[in-house]
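Its first residue numbered 1, the sequence shown is counted upward by one per residue in the UniProt record's numbering.
The reader is advised that the hints may include incorrect statements.
What the hints assert, rightly or not - Pairs of lysine-lysine residues, derived as DSS-like cross-links and limited to a Cα-Cα distance of at most 27 angstroms, are as follows:
no. : residue 1 : residue 2
1   : Lys96     : Lys80
2   : Lys175    : Lys187
3   : Lys96     : Lys83
4   : Lys8      : Lys83
5   : Lys170    : Lys183
Hints listed in this document are in silico derivations from the structure and should not be mistaken for laboratory results.
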Amino acid sequence: MELWREGKFQEIVEAEFVLLEVNGLFTYTYSLTAGTALCISQPQNWTTILENAGDKGPFAWDREVNYVSCHDPNSDAPLKWPKARYQILGGPTANKVVFDQRNGIYVFFISVVDPYYSYCWLETTFSVYVYGALPRISIPLEITIIVLMLAILLSVWLAYMIPTLLRTEKGHGFKGFWVSLCKRCRKSCACFQSRR
Numbered sequence: 001m002e003l004w005r006e007g008k009f010q011e012i013v014e015a016e017f018v019l020l021e022v023n024g025l026f027t028y029t030y031s032l033t034a035g036t037a038l039c040i041s042q043p044q045n046w047t048t049i050l051e052n053a054g055d056k057g058p059f060a061w062d063r064e065v066n067y068v069s070c071h072d073p074n075s076d077a078p079l080k081w082p083k084a085r086y087q088i089l090g091g092p093t094a095n096k097v098v099f100d101q102r103n104g105i106y107v108f109f110i111s112v113v114d115p116y117y118s119y120c121w122l123e124t125t126f127s128v129y130v131y132g133a134l135p136r137i138s139i140p141l142e143i144t145i146i147v148l149m150l151a152i153l154l155s156v157w158l159a160y161m162i163p164t165l166l167r168t169e170k171g172h173g174f175k176g177f178w179v180s181l182c183k184r185c186r187k188s189c190a191c192f193q194s195r196r
């Protein structure tokens, strides 16, 4: 995340910050879990923060009142769920947002929650346009492979059998049927063309 002031770049923010999609789209997740983020206590998440928020909504995660880093050795919340997604970005972790297979516009509220970074409330709203997601596959891969293999085998078999059958007496009769059918089609097409 970059910090800008009056249109001028200031620095890259190394502090911890949180994101919340303001339109209620939760088709994204985070790359790290509490265990892989090396948390020593249970990290906070949006579910617990919003339960206790009342009418504050997305502004409930307060850096001065209720934010506690999971890397703080003085925290009294033991790490109960190490596989829970770690919803805090920046700081000492390389956590990232991972979008699901969906194209669209996400509008995020972002807030710096690290109390030691600045005395100012650093928050804003921004949007991200996610594109390039391939459509979901509706047919299982195994069925597609089986159908493709059967089509290839049928094609090879027909490529062998049709010339072989055309050399037999039955094949000559079959060939004669198609030749006569084509001649009749040409005659009827010629009749239609002459009427115009």
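Right, here's what the structure says about each hint:
no., hint, result
1, Lys96 to Lys80, "holds, 22 angstroms"
2, Lys175 to Lys187, "holds, 19 angstroms"
3, Lys96 to Lys83, "holds, 16 angstroms"
4, Lys8 to Lys83, "violated, 40 angstroms"
5, Lys170 to Lys183, "holds, 20 angstroms"
In this structure, only the earlier hint numbered 4 is contradicted, and the remaining ones agree with it.
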